[in-house]
Amino acid sequence: MAGKTDALADLLERDPRVWRGRRPESWRAPVIPSGHAALDAVLPGGGWPAGALTEIVAPVQGIGELRLLLPLMRRIAGDGRRLVWVAPPFEPYAPALVQAGVEIGRMLVVAVADRRRDLGWAMELLLRHPETGLVLAWPRTLPPAVWRRLQVAAAESGALGMLFSAGAACGTTAALRLNLGICEGGLELRILKARGGFGGARVRLML
Amino acid sequence: MALARAYHFPSLPAEPPCEDSAAVAAPLWLALHFPALALEALGAAAPEPLAVTDAAGGRLRVHGASAAAAAQGVVPGMVLAEAQALCPKLAPVNRDPEAERRALSRLAERCLRFTPWISLDFPATLQLEVRGSLRLFGGAEALAEKVRQACAADGHAVQCGLAPTPAAAWLLARAGCPAPVLEAGALRSVLGDLPIAALGIDDKLTGRLARAGLRVLRDLWRMPRDGLARRYGRDLLRRLDEAAGSRPQPLRQFHAPPRFRAERELAMETEDLTRVFPLVEALLAEFEAFLRSRDAVAAGLELELRHARAAPTRVCLGLRRAGREAGQFAALLRERLDRLALPGPVRGMLLRSAGLQPFTLPRTDLFTPETAGGEGWDELLDRLQARLGPQALRQPVLRADHRPERTESGNASRSGETARSPRPLWLLPRPRLLSRRDIRILPECERIETGWWDGGPVRRDYHVAVDGAGARLWIYRDTGTAGPWHWHGLFG
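As given, the protein sequences belong to chains A and B, one line each in that order.
Quick note on numbering: the first sequence equals residues 1 to 207 in the UniProt record's numbering.
Quick note on numbering: the second sequence equals residues 1 to 492 in the UniProt record's numbering.
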């Protein structure tokens, strides 16, 4: 009897296709801890999905969407991988990044004049490169075909793609979709969708 | 023993004595001195009074003056302040030794058709060994005239000197003596009348010699050698001997850097780039073969597309890390050509190399993982830049300036500003007037007051404000005023 339970547990462990309900630990895709314990607790696998795209929906800029990612940036730069900002709405400010302990020598800002033509192309090139660790991008819209190419590129290199959107979904097949909102003294995160887990969880972070 | 007998070496016959063999073998130097090289290298042919300055002895001195400045009495060697007193409108320009060197090598390349042996060892001068070329060009006078014309066509004024030693040729060229000296025996009598200052020794020594009553080179030759060396140094003696030819002066030979240049004509004019590109690729393959055969890499290249009725379209490609793979060049050129608007159909093309360097093996590090097979980060940046434009890529850097708008984008310095007060993660390209009404300004304040010394003074009180939607803004207004608020950053 004991042997059979072990075999079953083993099968469940090994095969990610077997759905086990609200059990985030059963998801074996690689993750990178977000650096916020409360957030890691609700994210499947306990962190940001690596080698995949994450969509962050923030209705306004400046509420803490970058502070949320600072621990991730520190980790990526600390590992010696590259951090790229593609078509950011404003200029990333070096003194603030240094204050936050992010190694700015590993950082690159790419301005894209013709978003429709070049943004997806640049992102794909960057995501595919083995040195890239994180690509932050601010696309307004992305055609589904481009979106799929980006997913493949991220999966190949194991890089993280973080896409910021303002509300309407710019793509619905992200491994993780988060909604950011303001709450008293911090940021409220709502998981809209997570591969290998359920949506709907809410977390409050004091950033 | 038998072997030893079989190998019998006959004694070699002595060289037949030949009267003019020594004269044929003895080199003859044509020195081309460019007195205005410093000005010409800077492209300073303007009619304004201009002086190229050189920091000598801790003071700015005039190294060369334009015609307009010279007309007002500005001469080389003058202290800049003195020159400006003479000529109030004088515009000083710093000397650019790199540009001078480039101009000189360009001139050397032009002169390679007169002789293969050229040296750049003398300041602002080319030394051409011309003994073998004299007959071809119809004698010394005709050769000097041809060389002078070639240099004038390149926009350079030149003074020639012809002598059996490079130092003597240089002295003659600088002194502007056009009479050629063909035999070493005649050197002393011709050079004897030149002033000592022509040797190019420093002013202090010239002054000491002048006080001792020594003014021309003949005076020096009449002095006892060991006394001269003891009193004025061995360097003076060395220069004298080199000029008179009693001491050989080895020179380094100039070699023209390798270049690549290849052209193709199209069989039929076309605007279709898909038909043009195979030819570009063929040229690139030729380029790669050229580089490989010389073990070189190229830091860039220039492609010129020629049109029948319009100026040629030029595409210049610069690489972060010099390479020689035709495929890499092709990928970058394709990005550029894809977004090019051609003024008309393409008729032909020209590919030129830019910046060839010797190939060096890439340094491999034990601890950094190699991207074997795939493209490196530099190649990726090249591709991004080729398509997105030269301004598209930036790296956030710190600068040692407290003005927020100046802490970024420029020369990187790691010892830059690291402020104590919180800084926003986003900075606006330039501060905007704050038009929002629904903001709450937090009481903490940081004063930034700096820049009074360089014409960009800043006296601001920075605050953090929260707007109705919850975004945190970084705003300021000028110190001590109730003026308008400016929005400068966003705490992302």
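It is worth saying that the hints were derived from the structure and are not from the lab.
Don't take every hint at face value.
If you only want the chain B side, here are some residues facing chain A, beta carbon under 7 Å, derived [unchecked claim]:
id	residue
1	Leu380
2	Leu398
3	Arg423
4	Leu427
5	Ala469
6	Ala471
7	Trp487
8	Leu490
9	Gly492
The following residues of chain A were derived to be distant from chain B, with all beta-carbon distances above 12 Å [stated by the list, open to error]:
id	residue
10	Ala9
11	Arg82
12	Leu83
Yeah, the Cβ is synthetic: ideal placement off N, Cα and C, and Gly gets one too.
How the hints compare with the structure:
| no. | hint | in the structure |
| --- | --- | --- |
| 1 | Leu380 | 5 Å, holds |
| 2 | Leu398 | 5 Å, holds |
| 3 | Arg423 | 4 Å, holds |
| 4 | Leu427 | 4 Å, holds |
| 5 | Ala469 | 4 Å, holds |
| 6 | Ala471 | 3 Å, holds |
| 7 | Trp487 | 10 Å, violated |
| 8 | Leu490 | 4 Å, holds |
| 9 | Gly492 | 3 Å, holds |
| 10 | Ala9 | 36 Å, holds |
| 11 | Arg82 | 7 Å, violated |
| 12 | Leu83 | 10 Å, violated |
Checked against the numbered hints given earlier, this structure breaks hints 7, 11, 12; the rest are met.
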